[in-house]
Amino acid sequence: MCKCQGPKSDFSLLEPVLAKYGDSSSNLITILQKAQDIYGYLPKDVMYYIAEKIGVTPADIVGVATFYSQFRLTPIGKYLIMSCQGTACHVNGSERVSAAISEYLGIGNGETTEDGLFTLENVACLGCCSLAPVIMINGEAYGNLTPDSAVSVLKEIREKEGK
Amino acid sequence: MRIVIGEGSCGVAAGAAKVRSAIESLLNGSEKFTLGSTGCNGMCYLEPIIDIYDGKELVKRLVKVSPDDAENIIKAVNENDFSYVENIVITPEDEEFLNRQTRIALRHCGLIDPESIDDYRNTDGYQALEKVLKTMTPEQVIEEIKISGLAGRGGAGFPTWFKWNAARQSVSETKYLICNADEGDPGAFMDRALIESDPHSLIEGMLIGAYAIGASEMIVYVRAEYPLAIIHLEKAIEQAKAANLLGKNILGTDFSCEMRIKAGAGAFVCGEETALIESLEGKRGMPRLKPPFPAQKGYMDEPSNINNVETFANVAWILNNGGEAFAAMGTENSKGTKVFALTGKIKKGGLVEIPMGKTLRDVIYGIGAGIRDDKKFKAVQMGGPSGGCIPEELLDTVIDYKALAATGAIMGSGGMVVMDESTCMVGMAKFFLDFTALESCGKCVHCRIGTERMQEILTRIVKGEGKEGDIELLEELCEAIKDGALCGLGQTAPNPVLTTIRYFRNEYEAHINDKKCPAKECVDLLTYSIDKDKCIGCTLCSKKCPANAITGELKKPHEINPELCIRCDQCRKSCRFGAISVE
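Protein chains in written order, with the working numbering: chain A, 1 to 163; chain B, 1001 to 1583.
Keep in mind that the hints are not guaranteed to be accurate.
Derived pair list, reagent style BS3-like, types lysine-lysine, alpha-carbon separation capped at 25 Å [claimed, not checked]:
| # | chain 1 | residue 1 | chain 2 | residue 2 |
| --- | --- | --- | --- | --- |
| 1 | B | Lys1235 | A | Lys155 |
| 2 | B | Lys1235 | A | Lys78 |
| 3 | B | Lys1075 | A | Lys53 |
| 4 | B | Lys1075 | B | Lys1018 |
| 5 | B | Lys1534 | B | Lys1556 |
| 6 | A | Lys20 | A | Lys78 |
| 7 | A | Lys44 | B | Lys1283 |
| 8 | B | Lys1520 | B | Lys1573 |
| 9 | B | Lys1235 | A | Lys34 |
| 10 | B | Lys1283 | A | Lys20 |
| 11 | B | Lys1056 | A | Lys155 |
| 12 | B | Lys1463 | B | Lys1443 |
Footprint (simulated), chain A over chain B, 3 or more residues, beta carbon under 8 Å [claimed, not checked]:
| # | region |
| --- | --- |
| 13 | 1146 to 1156 |
| 14 | 1174 to 1185 |
| 15 | 1275 to 1284 |
| 16 | 1340 to 1346 |
| 17 | 1491 to 1501 |
Partner residues aside, some chain B positions facing chain A, computed with beta carbon under 8 Å [what the hints assert, rightly or not]:
| # | residue |
| --- | --- |
| 18 | Ala1263 |
| 19 | Gly1266 |
| 20 | Pro1291 |
| 21 | Pro1292 |
| 22 | Phe1293 |
| 23 | Gly1415 |
In short, the hints are calculated from the structure, not lab data. The beta-carbon is built from N, C-alpha and C at its ideal position, and this holds for glycine as well.
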């Protein structure tokens, strides 16, 4: 059992996932992906719960969760900014775009703004290379960016959210 | 007539979905056309693209379409008068982008609706499968693939028939056929476009492979970053099941085979086949020692065969047209065609499929139309983090596994990133080392620690803290990592460094000895200065400077204090007189 303090996660949300995939530890990655879809990240107590249910150790789960870049161990903001660091984006100036976003939001890679609005994640290639440099915000791609145009995209979102 | 919108994920990113809603919002039911959807035809630089068909005939191709064009497009089609859309009709020069290609793997991309099995069947879809299941033995299939000379398109170029035969020879009740769609090379998107635009050709190619090796289950390991590819493939699998092309007794024969998708979770090393198998089993994706090879002991310790998406996409064509037709294209040791994702500082970027044996120049200048803004070509990067940078003097190298390997780069999976004079080659090497150091799974000491040491040295060099002997130290580390790493990730990680040292040693020396970056990209090595003759003392730059590094009186030439300058480039961008230069 997880001995961590704080509010407990609602495990009942996981039941359909475990019913479908819980019979084999070979489905672990799929289970963690579904769990992250439900909770937005992988809370510690959820990882312990999954370990118990599918018969592996919590260490196995954390081992997998920290190996793959898709899994997050902390909550994310309302808008997830994925800043592409692929080769085509790199040669077209993605570093300056990322730096401008970091400066504007006051957060680094993997961090979330204090108001919980934005999380910035530098990611490997998003596969929209012909639009380089690209960022993707909650699944929507913005291409051919400059440091200024990237910041204005974020400004628009802030305005829309009234912040 | 039909208006068909290209809705692959880069089309959507370029605004195809907005174009669709703009058109849909103007429909009133009296139109003389239907609205359709297709995948990506590979002309990424012209997205969003709309094709207008009359029956099977392409009447007009409209490019760089914006939502504001919707009204004119509808008028043009309704009145059959294309003068309304003259400004967005593709130019003859741009048509050459596709005309100069030979499309086999991409044969349906951008032409059919990826969500329609009927569209696929109406071309030549599933005919090869029917022929194979009803008239050929598995051995005959393998023989045909052997004649074709098809080799692994994931990059290594291993003969496909050999892998199939090895898996065929392994005796077991259960065998698996796995498709590696974990397209991790930054700068490569061939497999994404293929699955998004033509998922049934993957299914058909895999089914033929499964029949050949005797597999009863097929798994596609797709990158989680490719949501649209997963959606289209899921849909195609359902359609194939409903049409008795998957499942029990396929097309009424004794052959039964299931298929499922496994979404990856973001780890570059999972492109290595044994790491991919570990990941499929729900574990950390760490490579296994070979032998045993996957053909003997793979997924769940059963015989398994793994091929790349593009490899499978060629299979049905080969069975339909014969191995000899495929082998007729290409060079002595590289047969057929290869798909490349042409990106970077190129005028016309997108997907290019050409017969092996063409030169790099044919692709970059013949199809890609050369360098953007007419700058000078510097290098082309092939093979991603496992590959290398090829300089201008080798642009006439032919596309062939051996010829490319001789340059120090590799064929790779198809990433082709073009760089111009403003790209720093030391910075490029560092970029790839940052990537491999991050993605190293940590199993082998040489890869885990060696890549980090190289990364440190390269970081030092681009910061102007390089020391004499650094180049030699890098070379020594490269050799040690090549020898000491277990899998392809580590063994090839030094390639970007080795090729840049080989062809651009002078850039390394300029960074180390002169503390200069010839491409003017490494920020720490730049010096900003104001030309006294051009500066009129407008004070704009000093107001923009966030570091208060610029001083001077009004209407008199200003000066930059290099000690305070943070090289943010604000001053140069704000100067209206071109008085600020960078060295």
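field: Hint check against the structure, violated hint numbers in rising order
entry: 1, 2, 3, 6, 11, 12, 13, 17, 20, 21, 22
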